[in-house]
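Peer 1: Residue numbers (my numbering), protein chains in the order written: chain A, 1133 to 1234; chain B, 20 to 418; chain C, 14 to 206.
Please note that the accuracy of each hint is not assured.
Unchecked claim - Rough simulated footprint, nothing fancy, chain C against chain B, three-plus residues with beta-carbon under 8 Å: (1) 75-84; (2) 275-282; (3) 370-381.
Unchecked claim - As a list, the in silico EDC-like pairs of lysine to aspartate or glutamate whose alpha-carbon atoms are at most 20 Å apart: (4) A:Lys-1166 with A:Asp-1194; (5) A:Lys-1181 with A:Glu-1139; (6) B:Lys-241 with A:Glu-1143; (7) A:Lys-1137 with B:Glu-216; (8) B:Lys-301 with C:Asp-72.
Everything labelled a hint here was simulated from the structure, so no lab data went into it.
Keep in mind that this is a model prediction, so the values were computed, not measured.
Glycine included, each C-beta is placed from N, C-alpha and C at the ideal position.
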Amino acid sequence: MNFIKAESITESSTWQEMTPGGEIYEGGTSRLTKTGDWRSNRPVWDIQKCRQCLLCAPFCPDSSIPVKDGKREDFDYDHCKGCGICRTVCPFAAIHMEQEAR
Amino acid sequence: MSIRDRLSGNEAIAHAMRQIDPDVFAAFPITPSTEIPQYFAQYVADGKVGTEYVTVESEHSSMSTCIGAAAAGARAVTATSSAGLAFMYEVLYVAASSRLPITLACVNRTLTGPININNDHSDSMGARDSGWLQIYSENNQEAYDNYLQAMRISEHPSVRLPIMICQDGFITSHAVENILLEEDEVVKRFVGEYRPEHALIGRDNPLAVGPYDTCPFCMEHKVQQAEAMKNAKKVILDVAADFERTFGRKYGFFEEYRMEDAEVALVLIGSTAGTAKACIEKLRANGIKAGLVKVRVFRPFPMEEIANALRNVKAVAVMDKSEGYSACGGPLFAEVRSACYDLDTPPKMIDVVYGLAGRDCAVEDIERVYLHLMKIAETGIVGPRYIHMGQRSSQEEVL
Amino acid sequence: MSRTMTEIRWHGRGGQGAKTACLLLADAAFASGKYVQGFPEYGPERMGAPITAYNRISDAPCTVHSNIYKPNYVVVVDETLLRAVDVTAGLDPQGAIVINSPRAPEELRPLLRGYSGKVCTLDARRISEQYLGRYFPNTPMLAAIVKVSGVLEPDRFIADMEASFRHKFASKPQVIEGNMKCLTESMKEVRGA
């Protein structure tokens, strides 16, 4: 049974080591791609101003605002691309953007 | 025990489909389709099959439906012809690259334009690089037999590629001829069940099919497809061997007819092979050593095997029933001539493009080709290599 | 071409059932144990346009897949085709042409472009209208070609056709008798055979 895990396929995998037709045999594999590297602007969460309305989380196109027990947590910077939508939708100015410094 | 019957080529395919009882038949059931979905719809209406029969608004959608169904884990089939196949073009590649073993009954008819509905091979030849297996039939019997073998080839884990079973439009699809049919139970046992390793439905693990494939990965997947096409050669022969054991009729990559001592030979595809056989008997009665290679499997192309079959022949005419508009010959010629390049002393070779848009080809036409080859064999002078036959002309033509 | 093979060409007009008659003949020949081919020459299907259909009937398998250019027999389902189409093209003088016409064979010979072989006629309209109540020329013409060509044994042909009609018209058995009468009367009435 061919069950090659997505995490074992990299840009150095040979054609013999890859799944037929690029089939993916598990869910949630986008986690393996660290899109946070693409970010030039970084959202910063002001926990004092945040009222936990949770409007930002569903707007995030990259599921990078984790919500736990009904409350948002800090950004998942491994995957946030810095698009700034969260800043725009926040009614309480609790998110601002800073130049990414790497 | 085989059952003696008489059916048209379209009826023969529909009969095979009923016996196999596929999970899904997606069809655009009006012109330019064939009678196959019509006959099959009757089986569905009569409750003779359990197939989900999906009528859609276009061939693009019928192939897309097959792709979805096959990815879900179903055995999916369709049938089409001519412009219908052309309309599937985009998704033919998706079926192949997603490695989905869909079976398509192709009734070969010319691609418009000019507007025409008659037979030639331009439809399936246009799809020859789409990654589909292609098997061609001389008559209704071969269409039936090839269809019974199709799924075992296509679904084989080392292959996993979609397959076209082709026959000549009208010439065999609408011609009633004798045929040997096989018993339902034996057919079902021979074809077997479709049990894909992975499927979207009915499995515990999730599956994603047809993802966006970025540059670092996509070429590897195309190489996998190319390898699968190579693997298909062995599977095709294995299935043919089992078919012969089960039903007694022999198949290979191609049929060699009177090739054992042939000095001149034709290489061609489809129903014209039967006409050529009658011509060969006539010529051999007059001492002309004529032979024929009838190509059954065009994708994968049996390159070494064809070269081997032609190695002792002096002159060969490849007969293309479609144009390539390459200004140097049709698609079959390109393959056969390339195959013979590796021979130490390749035969003299010409391409005869014939039978376009239903232009008939009689025994006498074939005879002219053989006599032309005899002249080439005797003089060693090939003359024009890319010839059309059967057209009216104001100038003297080679044939 | 083996000597045991009979080649027949049908000329008709779209909608008259020449193709159906051709396929029925293939069926009947098949039932007699023959190898058969029955195929129409396809084009756009238009009511009234000239159409051609073909039969090969043989004791041995036939592999030729071309139209028929030198038929042993020709059947003309519509008399008006005689002027429009060269119906005797390539026709074997040892064979025959069978024409749907109330006229005598010799009256039609001048229209046949010098054909020297046997000419037969059958008034398929009268027979069809008499026994079927409507104009279906193909059944009478089928009987006529079987009689004229001798390609099938007549009693066997009649028996096979009856079985075929019983199957085909299972839901309307009342038409079987008319069709059978059409066949037997046509075999008797064909002129010049």
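Peer 1: State for each hint whether it applies.
Peer 2: Tested hints:
| no. | hint | result |
| --- | --- | --- |
| 1 | 75-84 | violated (count 0) |
| 2 | 275-282 | violated (count 0) |
| 3 | 370-381 | holds (count 4) |
| 4 | A:Lys-1166 with A:Asp-1194 | holds (11 Å) |
| 5 | A:Lys-1181 with A:Glu-1139 | violated (39 Å) |
| 6 | B:Lys-241 with A:Glu-1143 | holds (15 Å) |
| 7 | A:Lys-1137 with B:Glu-216 | holds (15 Å) |
| 8 | B:Lys-301 with C:Asp-72 | holds (18 Å) |
In this structure, the hints that do not hold are numbers 1, 2, 5, in rising order.
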